[in-house]
Amino acid sequence: MKTTMITLGLVVTLFVTEGCARRTVVVHQPPPRVEVIPVAPSPRHVWVKGHYVQRGHRQVWVKGRYVVTRRARW
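Using our numbering, read the sequence shown as starting at 5 and increasing by one per residue.
It is possible that part of the hints are untrue.
To be verified - Restraint-style ranges between C-beta atoms, simulated for each label pair:
1) VAL71 / PRO35: 22 to 28 Å
2) THR7 / GLN63: 49 to 55 Å
3) VAL38 / VAL71: 18 to 24 Å
4) TYR56 / LEU12: 46 to 52 Å
5) VAL72 / VAL20: 53 to 59 Å
6) THR28 / TRP65: 21 to 27 Å
In case anyone wonders, no lab produced these hints; they're calculated from the structure.
Here a beta-carbon is modelled for each residue, glycine too, at the ideal position from N, C-alpha and C.
Put together the whole structure using the sequences plus the hints.
Set out below in structure tokens:
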């Protein structure tokens, strides 16, 4: 009886502590795509490179684009 209780206690402890296990999943991004950079619309525009973002379980490519720079504040 004593052995059964000890075994049962160990099994219960095993199942309870299983939920505390930490699993780390490392997802590497695919290599960046080669983009053809068009001519800037104006001298105030700068190119922002494309990049991958996580959408659910997939890596989705966001295209590069031109953005207007902010003026410097002195």
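Now for the hints, and whether the structure bears them out:
1. Checking the proposed 22 to 28 Å range against VAL71 and PRO35 shows it holds: the Cβ atoms sit about 24 Å from each other.
2. Range check, THR7 to GLN63: about 53 Å between beta-carbon atoms, so the 49 to 55 Å window is met.
3. The hinted window of 18 to 24 Å between VAL38 and VAL71 holds, with their beta carbons roughly 20 Å apart.
4. Checked against the hint of 46 to 52 Å, the pair TYR56 and LEU12 passes, with Cβ atoms roughly 49 Å apart.
5. For VAL72 paired with VAL20, a C-beta distance near 57 Å keeps the hint of 53 to 59 Å intact.
6. Against the hinted window of 21 to 27 Å, the Cβ-Cβ separation of THR28 and TRP65 comes to about 25 Å, which satisfies the hint.
Hint compliance for this structure: every hint is met.
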